[in-house]
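There are 2 protein chains.
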Amino acid sequence: MRLGPRAEIFPSFLRYDFRAVGSQGLVRPRVVLFGDSITEQSFRPGGWGAALADTYSRKADVVVRGYGGYNTRWALFLIQHVFPLDGTAPPLATTIFFGANDAALLGRTSERQHVPVSEYKENLKRIVTLMQDCSNSMVIMLITPPPIDEEGRERSLYGENARKLPERTNEMAGVYAGQCIELAREMHIPCVNIWSKMQETEGWQTLYLSDGLHLTPEGNDVVHKEVVKTLRNAGLKSEEMPYDFPHHSKIDGSCPDKAFQ
Amino acid sequence: MRLGPRAEIFPSFLRYDFRAVGSQGLVRPRVVLFGDSITEQSFRPGGWGAALADTYSRKADVVVRGYGGYNTRWALFLIQHVFPLDGTAPPLATTIFFGANDAALLGRTSERQHVPVSEYKENLKRIVTLMQDCSNSMVIMLITPPPIDEEGRERSLYGENARKLPERTNEMAGVYAGQCIELAREMHIPCVNIWSKMQETEGWQTLYLSDGLHLTPEGNDVVHKEVVKTLRNAGLKSEEMPYDFPHHSKIDGSCPDKAFQ
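Listed in order, the protein sequences are those of chains A and B. If you count the first sequence from 1, position 160 lands on 167 in the working numbering, and the numbers rise without skipping. If you count the second sequence from 1, position 164 lands on 171 in the working numbering, and the numbers rise without skipping.
Keep in mind the hints are simulated off the structure, nothing from the lab. Being a predicted model, the structure only gives us computed values, none of them experimental. Honestly, I wouldn't trust all of these hints.
Stated by the list, open to error - Below, computed lysine-lysine pairings styled on BS3-like, alpha-carbon distance capped at 27 Å:
| # | chain 1 | residue 1 | chain 2 | residue 2 |
| --- | --- | --- | --- | --- |
| 1 | A | K66 | B | K66 |
| 2 | B | K257 | B | K232 |
| 3 | A | K132 | A | K204 |
| 4 | A | K132 | B | K257 |
| 5 | B | K265 | B | K132 |
| 6 | B | K132 | A | K257 |
| 7 | A | K132 | B | K265 |
| 8 | B | K232 | B | K132 |
| 9 | B | K132 | A | K265 |
To be verified - Examples of chain B residues toward chain A, derived with CB under 10 Å:
| # | residue |
| --- | --- |
| 10 | R51 |
| 11 | A60 |
| 12 | D61 |
| 13 | N108 |
| 14 | T176 |
| 15 | E178 |
| 16 | M179 |
| 17 | E247 |
| 18 | Y250 |
| 19 | S261 |
| 20 | F267 |
The beta carbon of each residue, even a glycine, is placed where N, CA and C say it ideally should be.
With the hints as extra help, turn the sequences into a complete structure.
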């Protein structure tokens, strides 16, 4: 990492070296969202990615790397491009949010996306390890797959005449969520258990899920709140992070250059 | 610009060299939003920045560089850091959205932010010229300041007992909008005339503005639609731009590596 020309405007007490300027020349640190469609769609109205970008407004850039339909096996083909090991400041934090597709059932309509649960855990471990190789200060956070509303999923896929053979079940999503949580514990990294969290609220099936799998604005809000809580616990409190340039109230209208010195 | 390892997956017919991989190692081109609070707040619920990020999902990253309270004079202190001339792939497109603060009236509560209209135009010209130096293929788009609802502004600043001395007027915002449009014409770059566009709709004062100046979700929607229309006219049609990695439907479940070769 090299220090940028504006390094002097940043306080030095922060855990992360916020002064580091990536070779992309933009001063702000990045938070990368890596995952499947639930990440890809996170900038739709009410989306948790957009909300996160607003939470860290002027403090960090939120970079979305969501790949709809992807499982952890396919994610491994991308990861070295999304997180190169050289030439750039690593992200400040990354969310890893896979499993909804891995947990698609064998013998059903989405079996092409299925990854056995043991391989899912192993793939997640490889993803985390590659990120740790990329940076030892990056906050790496796992997010479990969300719960599944089998009825909603069937209606969405097959219409009202659902043929009652769900391609995903909530029970199976829970098995994958469990492995995700176990891996986080083994690797000593934080994990958002969205599978359990959502099911704490009555009516979660339609309150939080739009088609039995993807998130409503309310579901996005749950993810946003949990991710922010986890980032804050890891030391990334927006209000303690420096603006990339002076707040306008610090600029003297008759002598603005002072604020930028 | 160097070509990335995945250059071969991009078609060659596109005007912009989408194959270029910035040294930040992320494959996607960037659209930068440079402006004041109306840009900074563009990832709030219903925001035009978040909507733009979704429009170009998996095609381009939307990078927000909005600085609340800033005028064009202060923006000039930032611009070389936001748009460095070396070391990185330049943005695919940039929106420049200043003027709301420049147009604050002298002798009123926000006069610290005031910039004379001739200097506003000159500053905008310097910003555009610096960007053109940064890249001759970047789509550079000006956006005029929005209209002002003086009553809404007074209520927001002074409560119901408004003292009837608005710090911004719609007429003055229109003068600055006019200079913005004239500059765009002189420099042969596109301009979104949001000042006029919004006033075409009856009730624009409260339909599009939340406090007489900043945007409601409906106002954000107008900006989003106009910006997308302008980007499309400049050749940046999302549906014609390549995915950074294969769409999941192109991946053979039993032989996924083929899709990534």
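Results of checking the hints against the structure:
no., hint, verdict
1, K66(A) with K66(B), "holds (24 Å)"
2, K257(B) with K232(B), "violated (31 Å)"
3, K132(A) with K204(A), "holds (23 Å)"
4, K132(A) with K257(B), "holds (26 Å)"
5, K265(B) with K132(B), "violated (49 Å)"
6, K132(B) with K257(A), "holds (26 Å)"
7, K132(A) with K265(B), "holds (24 Å)"
8, K232(B) with K132(B), "holds (25 Å)"
9, K132(B) with K265(A), "holds (24 Å)"
10, R51, "holds (5 Å)"
11, A60, "holds (4 Å)"
12, D61, "holds (4 Å)"
13, N108, "holds (8 Å)"
14, T176, "violated (20 Å)"
15, E178, "violated (23 Å)"
16, M179, "violated (18 Å)"
17, E247, "violated (19 Å)"
18, Y250, "holds (9 Å)"
19, S261, "holds (8 Å)"
20, F267, "holds (4 Å)"
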